[in-house]
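Asker: From first to last, the protein sequence lines are chains D and H.
The end of the first sequence is residue 277 by our numbering, with every number in the run present.
The end of the second sequence is residue 1083 by our numbering, with every number in the run present.
Keep in mind the hints are simulated off the structure, nothing from the lab.
No residue lacks a Cβ here, since even glycine has one placed at the ideal position from N, Cα and C.
Worth double-checking, as some hints may not be accurate.
Calculated pairs, SDA-like style, for lysine to any residue (alpha carbon to alpha carbon, straight line, at most 25 Å) [claimed, not checked]:
id: 1; chain 1: D; residue 1: K69; chain 2: H; residue 2: I943
id: 2; chain 1: H; residue 1: K924; chain 2: D; residue 2: P50
id: 3; chain 1: H; residue 1: K1039; chain 2: D; residue 2: A30
id: 4; chain 1: D; residue 1: K38; chain 2: H; residue 2: V1035
id: 5; chain 1: H; residue 1: K924; chain 2: D; residue 2: I47
id: 6; chain 1: H; residue 1: K1039; chain 2: D; residue 2: R41
id: 7; chain 1: D; residue 1: K228; chain 2: D; residue 2: G215
id: 8; chain 1: D; residue 1: K38; chain 2: H; residue 2: S1040
id: 9; chain 1: D; residue 1: K69; chain 2: H; residue 2: A944
id: 10; chain 1: H; residue 1: K949; chain 2: H; residue 2: F1065
id: 11; chain 1: H; residue 1: K949; chain 2: D; residue 2: L64
id: 12; chain 1: D; residue 1: K69; chain 2: H; residue 2: L939
id: 13; chain 1: H; residue 1: K1039; chain 2: D; residue 2: A40
id: 14; chain 1: D; residue 1: K38; chain 2: H; residue 2: S984
id: 15; chain 1: H; residue 1: K949; chain 2: D; residue 2: Y65
id: 16; chain 1: D; residue 1: K220; chain 2: D; residue 2: G205
Simulated DEER-style distance windows between Cβ atoms [to be verified]:
id: 17; chain 1: H; residue 1: V1038; chain 2: D; residue 2: S44; range: 19 to 27 Å
id: 18; chain 1: H; residue 1: E1050; chain 2: D; residue 2: E67; range: 34 to 42 Å
id: 19; chain 1: D; residue 1: K38; chain 2: H; residue 2: L1070; range: 38 to 46 Å
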Amino acid sequence: MRVLIDLIVRHRNGCSLLLTVILSVVMIAVRPEAQAKIARALSMSIFYPAYIAVSQVPMYTGLYSENKRLRQELTEINTRLQVFRELEAENARLRGLVGFAERTLYTLVPARVVARDPSPQYRSVIVNGGRAQGVEMYMPVVGERGAAGKVVQVLDGMSMVQLLRDPSSRTSVMVSRSRTVGILQTENGRDFFVRLRSHEDVRGQDTIVTSGLGGIFPKGLSVGFVKKIDDGNPLFKRAYIDFSIDFDKLEEVFVVRLPPLWAAQRAELDQVKTGK
Amino acid sequence: MMNVALKWAGWIILCVILQSTLVPYIAVMSCKPDLPIVALFYLSLRLGVMPGVYVGFFLGLGQDLFSQSVLGQIALAKSVAGFVAGLFNERVVRLDPITRGALLIAVFVLNDAIVMLVQIVKSDGSAGMFFTELLMVTLPRALYSLVFAAIPLVWVNVVKPHRLID
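One chain only, chain H, in its complex shape (with noise of 0.2 Å):
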């Protein structure tokens, strides 16, 4: 159990270390991937509901204090995809790499809606744009970000067949 706890930090801390140097140099047309929320999508399928909810809320908490943004905007989506991620975990449903990656772009929409919605209200905004926002740049995002989320797919299926035995 410990073990398994802290490979799943290690990956979530090199995605977040990865997101604040490695991402902003890879970005096309400002359009970034999102290491941590892939990280969380695997955690959650892999690990189940609730090891998603706490750690999608502490990872969402984290990037809230460094990020400039409303306290507990980035924890609520965060905590939000954790959950949904984890109803399709492997002890409930085995996904195909098709049905993950199109699970792992709702994922990422519900997330950028959320934190979209939350801005929405404390900023008494208006909601023109959401859906805008949405496909403009929340999709963009949600496919580059699948490119990253493929190679763990590519590593288990591929390169190390044998690890589906385990």
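If we strip away everything but chain D, and leave its shape as in the complex, we get (with noise of 0.2 Å):
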């Protein structure tokens, strides 16, 4: 025994590597069963920290890809997110809009703002509804809040709204409150002002509306609210106005089918401007 220690004391390199090497040898030439039973039992014994700390590192080099993805996920729920909300407001001006309908006493052509004039500040847009359904030259556009323009050229599928900020619009309009009729203008094709008699009674915040004369807009309709009155003329005074349509807004509209008064006289009217 003590000749055996020997040798091993003295080829302790040689009789390492032979141990292992008959260890590594017996592992390979077992049957499957049994090696994948000595795989187990130094998984849970020795190997069971490093099994342990191994088993966690999938969990972090799958971080980046995991957090890859759920950045993707979060910017598509986000975009939903922000489809839904656009259009649960869309569903709330169309509430208001249905509501606007049901309260009018006109028959009202439903219609999308698809283009607008590009300039600043735009004087017309265009409007998917057109001659197929129903709409005409000059009949009247409204928004919920109130008028917003009228039509001035129409295709068959869609149709140009001159809208009333245009500074070529002329719209008769009167004082709700007084029943003070004026013209709608402007001179600088931002600030709209009813030009009025200097002793007509206007006020700060009196509501403005359509007055019916012009033959286009139903009368009533709202325009706008005086917001300041210029008296410094002695013959005439000019009420400004903000309008009741955010023009800026605008998305849906409903084209009123009223034709104008005088389009049944058009042939009449015709004549007398012709002097036929």
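If you follow the hints, you should be able to join the two separate chains into one complex; please do so.
Answerer: Encoded structure:
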């Protein structure tokens, strides 16, 4: 025994290799089921800490890809959320319009604004209602809060609407409280006012509505509110107004199926104009 | 003694962790460096045959367990690799960097040759592809690993030359 121990000590390097080679060969040589048992025993004993540590590694290496995937999902969800919010806002607007449609006495053609005049103070919009939907020239166009403009060009599926804030548009309006009538106009394209005689009754916050005298807009559609009165001129005064409708946010409108009052007399009017 | 054991255990664990985390990302045409064998190589050179054999055995056994290979296959290869590298340990012979590099490649080839031989024997496969595999797989892997093996050499010889005095 003593000799054997001396031999092992003297050839410890070779013996170490022999021992590990024998162990390895035994493990290699045994049946797969036995290998699985040995592997399980080793995993659950001396290699358990390493097993735990290594099993955590894929979790941490997957963090980057998981983070990337979650970011992508978050972006998709946020995009969808924005779409839902947009739909919600549109729903609210449409509900308001439906309420308006129920309140009004006229036949309305719903239309969506599909294009705008690119100028900063855009003066006209294109809506997706046209001749096919019963839209005709000079029909008034309204929004939820009041008059928006009038149809100035009609195609089969779309129409051009000249907005009230077009400087070339002249709309007959009146002060709702005092029934004083005037013409809505502008000098600089931004500030709109109603020109009235100096003695006529108008106050701040008065509601300005369509007078019905122009033949296009029916009487009583809200146009705006008086925000300032300029009575510097001894003969006339100007009632500057804020429009009821926010033209910058105009998205859905109704075309009122109400031909101009003078449409029936169009032929006679033309005859008068030409003198025949 | 304890400090030395802890230091080498730390290096080996670091190499094993890097092998399973960083190395897959730096593979070049599916050729990956083998950092554990580099660590084993340096350990054997520094500490000798016995630590090299036993660390190689347990390191290989651990790799066997976690790599779904034949149990004992890598343990056998790493034991022999640790033994061979340990024969050239610093107490016996001081090698210049180029010889170290050549020895590392030889250890790599030996390690892979044993793994492949066990594979051939266990699967009753043919030995026809043996040398092709060594040439096409093992050699590029050894050369790639040599790049990482050069880091400690550069560190010791260039960045901190005073370490040679220790």
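Asker: Which of the stated hints cannot be reconciled with the structure, identified by number in ascending sequence?
Answerer: Every hint satisfied by this model.
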